[in-house]
Structure formats: structure tokens, C-alpha cells
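Protein chains in written order, with this note's numbering: chain B, 1 to 208; chain H, 209 to 416.
These are computed hints drawn from the structure, not numbers from a lab. Take these hints with a grain of salt, some might be off.
Capping the alpha-carbon separation at 27 angstroms, the derived lysine-lysine pairs in DSS-like fashion look like this [claimed, not checked]:
| no. | chain 1 | residue 1 | chain 2 | residue 2 |
| --- | --- | --- | --- | --- |
| 1 | H | Lys379 | B | Lys203 |
| 2 | H | Lys214 | H | Lys228 |
| 3 | H | Lys214 | H | Lys231 |
| 4 | H | Lys222 | H | Lys382 |
| 5 | H | Lys231 | H | Lys266 |
| 6 | B | Lys196 | H | Lys233 |
| 7 | B | Lys6 | H | Lys231 |
| 8 | H | Lys265 | B | Lys203 |
| 9 | B | Lys25 | B | Lys14 |
| 10 | H | Lys231 | B | Lys111 |
| 11 | B | Lys14 | H | Lys379 |
| 12 | B | Lys169 | H | Lys411 |
| 13 | B | Lys203 | H | Lys327 |
| 14 | B | Lys203 | H | Lys382 |
| 15 | H | Lys222 | B | Lys119 |
| 16 | H | Lys401 | B | Lys111 |
Protein chains: 2
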Amino acid sequence: MELIEKLNWRYATKRMNGTKVPKEKLDRILHATRLAASSFGLQPFSVLVVEDMEVRKKLQPLAFGQPQIVEASHLLVFAAWDNVTEQRIDNYIQDVATTRNAPLEALAGFKGYMSSLLKNTPEHNFNWAARQAYIALGTALAAAATEDVDSTPMEGFSPDGFDEVLGLKAKGLKSVVILALGYRDAEQDQLSKAPKVRRAHDKFFIHI
Amino acid sequence: MELIEKLNWRYATKRMNGTKVPKEKLDRILHATRLAASSFGLQPFSVLVVEDMEVRKKLQPLAFGQPQIVEASHLLVFAAWDNVTEQRIDNYIQDVATTRNAPLEALAGFKGYMSSLLKNTPEHNFNWAARQAYIALGTALAAAATEDVDSTPMEGFSPDGFDEVLGLKAKGLKSVVILALGYRDAEQDQLSKAPKVRRAHDKFFIHI
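The shape of chain B in the complex, shown without the other chains:
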């Protein structure tokens, strides 16, 4: 696998050309995102896949007018659970029982272990859930690169504004980070040719 080559090819694309990502590529990127690891396997977040242009036009001013919002093929919005609730844990335990053909009683210990989360504040749990979403973001970025699809992870937007437009509050979700998927407009994007800047190995890693 030439993952390193693909990761070197990708960059935070500032301008995209509106070309659509073929459905089979998008499906594979989403599938990989859904397979991302999360603590307990709980996946305490959802991912919105926004293609509708009217919605994206409403989102754009809430993201400092950044052009990728409308020039992308699809916009992924990673939205973390506003809190961990008993219902959400129960749903997951039910999924585990069904998938693994295990009796619920056998999962009581695992469930009790997870339920320790319920003792935390909603804010603590939300921040924890947001970190889990970032693992999936990292996986999605790698998956997009392997499909030769450009991507731009973006934190520069109003989470409250996005939540309002996307109706997330009613779903118990809060947007934390977005990822534009599409194809670079190399002529318009002066960063498309810029060498990637990364800290040198010996300044980034500490070997013990």
C-alpha cells in the first residue's frame, strides 16, 4: 500500500472545482469512516453528508465564506453527542448483542464499565465524544486520499450556526469539525503546489 504517497499528495485544499466524487468512491470513504475506531466501540457521534446546494449556501456564511463549502462535492459534518445517555448506551449494547449473538446478561459488565461515563458532566462527555469524532476524521482523511479525492478539514465555522441550519439540537448532536470532499482547482489554489510542511522526524517523535 502506498498510503504515504497518498498522504503526501493530499493537502488542505482551499479551492475546489465542483466536480462530483463518484458514488462508489464516496461510499468507500464513508464506509472507512464508519469503521474508524472509537473508545468502547461506542461511536458517540454522527456524520452528516451534505450535498444539497441550498443548505450549503446557508452554511457558507457561517464558515467565513470559505469557498470549499459550495465548491466541494460533499461536505461531511462530524457531530458529536451532546451527552452520553443511558438510552444511547442501551442502543449500543443491543447492537453488540445482535451482531455477536450474545445474551444481554453477558454484556452487563461491559455496560457497567461504560456507564461510568454517565457520572461525568455533559460537557465532559461531549468533549470526549468530540475526540472520538476526530479519530474518524483522521480515518476519513486517509480514506479520501487513498481514493484520490481531495479533502479539507475545517474548524473555522460557527458550530451553533451549523447546528441551527442542520437541526442538530433536536438530534442531541453538536457539530465539531467539517470535511469538504471534492477535487482541487489547482489553478485557483496557490497552495496546491506548495511543499508540505511537517516537523522533522527527530522533533516530532521522542524515542524511548
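Fit chain H to the supplied structure of chain B, relying on the hints for placement.
Chain H in isolation, oriented as in the chain B frame:
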């Protein structure tokens, strides 16, 4: 690329067999981790690569005695900056200038934009830095899978304890998440054969 197949193969390995990950594979996993995206490209974290068994034996009781700590080949400790400082931004700007052969004056706007981080509290910046580290964790997980190397992301440890053993405070770092790399002990690990549990596509994604 068969990334999905690799991601389906991986799971949070509970028992490892001590086999060493070959150097060229480890190097590629680390390289991919270093190429992970981060906001502004700032990479506000470091990654410790812990191989020394004496150190790992000291860490194990600080991670609830989990066996992967010593059964792994290497233990990656993702450690976020305790704060964003002017010095750290300056170092990065210098890296950008060198890599892109750009005069520092041309980077003043970019630097000013990043400096808005300095107005936040250390706690806010640390939490932001931790999220960036989680993007790299997601990338590392994908990279390990593509190398057929097992991995276990772990949050169940004492960050303060790890920071103490690893001398992180003096480096302005705080451990946030760890990743054991190695090879599964399929006989000892009853989860090695368990079907992967992930929320169904239509419950995980919201298409708009």
C-alpha cells in the same frame, strides 16, 4: 487500495504476542502519523515511541495493568502541547519559511491568524491540541492496518502518571491517548474472532 478490508481486519487488540514490528513497517506507520493533517498545519503535539521494556513496566500499572503495554512491540504515546506559545508558533513559521523558501514577512498574516490562539486559556488550547493529536491517532490506526500491524488505542491510563514517568511536564507536553502496536495473540484474545460492531450506515450517517 483495500483500506476497508484492512480496517475490517483490525480491532482493538487486547492481547499481543510480543513479536516485534519490523523496522521498515514501523517507520512507515510513523511517517504516515507525521503526515497527518492538523489545524494550520501546526502539529501541536509530539508522539513518544516507547520500546524500552523497563519504562513500559513502569507504565503498565498506570494503565490498569493492561497487558498490551508490555506485550506490544512499541507503544505510541500521543502527547499534546500543554499550551500554544509564541515560541512554538515562531518555530512553525520558521519551518514554513524554510520548507517553502518564503520570506518571513510574507507569512506575517498567517502568523497573526494563528496567534489568535494565544488569546485563549492554556486549558482551551490544550483541548484543541488534544483533538489534533486524535486526527493523527486516526491516521496511525489506518496506517498500522495497511501494514498488517495490530493496534490498540487506549484512553484507560493515568495521564499524570504517564507524564511523570516520561518526563513530559518539562517538555510542555501532556499525554492524551496511547496506541499499542504489535501482533495479536489470537488464542489468548477472545475478541480476536468477534464480529466488528458498528452502527448501521443509516443510523450513523445523515444524508442531506
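Hint by hint, here is what the structure shows:
This hinted pair checks out: H/Lys379 and B/Lys203 have alpha carbons roughly 12 angstroms apart, not beyond 27 angstroms. With a CA separation close to 20 angstroms, the supplied pair H/Lys214 and H/Lys228 stays within the 27 angstroms bound. The straight-line distance between the Cα atoms of H/Lys214 and H/Lys231 is roughly 20 angstroms, inside the 27 angstroms bound, and the hint therefore holds. For a cut-off of 27 angstroms, the pair hint linking H/Lys222 to H/Lys382 stands: about 25 angstroms separates their Cα positions.
Simply put, H/Lys231 and H/Lys266 have alpha-carbon atoms about 24 angstroms apart, close enough for the 27 angstroms limit, and the pair holds. Proximity of B/Lys196 to H/Lys233 is assessed by CA-CA distance (about 22 angstroms); at most 27 angstroms being required, the pair is judged to hold. With a C-alpha separation of about 21 angstroms, the suggested pairing of B/Lys6 with H/Lys231 holds against the 27 angstroms cut-off. For the hint linking H/Lys265 to B/Lys203, the alpha-carbon distance of about 26 angstroms falls within 27 angstroms, and the restraint holds.
For the hint linking B/Lys25 to B/Lys14, the alpha-carbon distance of about 21 angstroms falls within 27 angstroms, and the restraint holds. Restraint check for H/Lys231 and B/Lys111: not satisfied, since their Cα atoms lie roughly 39 angstroms apart, outside the 27 angstroms limit. Between B/Lys14 and H/Lys379 the alpha-carbon distance is near 34 angstroms, which puts this suggested pair outside the 27 angstroms criterion. Proposed proximity of B/Lys169 and H/Lys411 is supported: the alpha carbons are some 16 angstroms apart, at most 27 angstroms.
With a CA separation close to 26 angstroms, the supplied pair B/Lys203 and H/Lys327 stays within the 27 angstroms bound. Distance restraint check for B/Lys203 and H/Lys382: the Cα-Cα separation of roughly 16 angstroms lies within the 27 angstroms cut-off, and the hinted pair is therefore satisfied. Between H/Lys222 and B/Lys119, the direct Cα distance comes to roughly 26 angstroms. Compliance with the 27 angstroms bound is thereby established for this hinted pair. A threshold of 27 angstroms between alpha carbons decides the hint, and for H/Lys401 with B/Lys111 the separation of about 20 angstroms falls inside it, so the pair holds.
Of the numbered hints listed earlier, those contradicted by the structure are 10 and 11.
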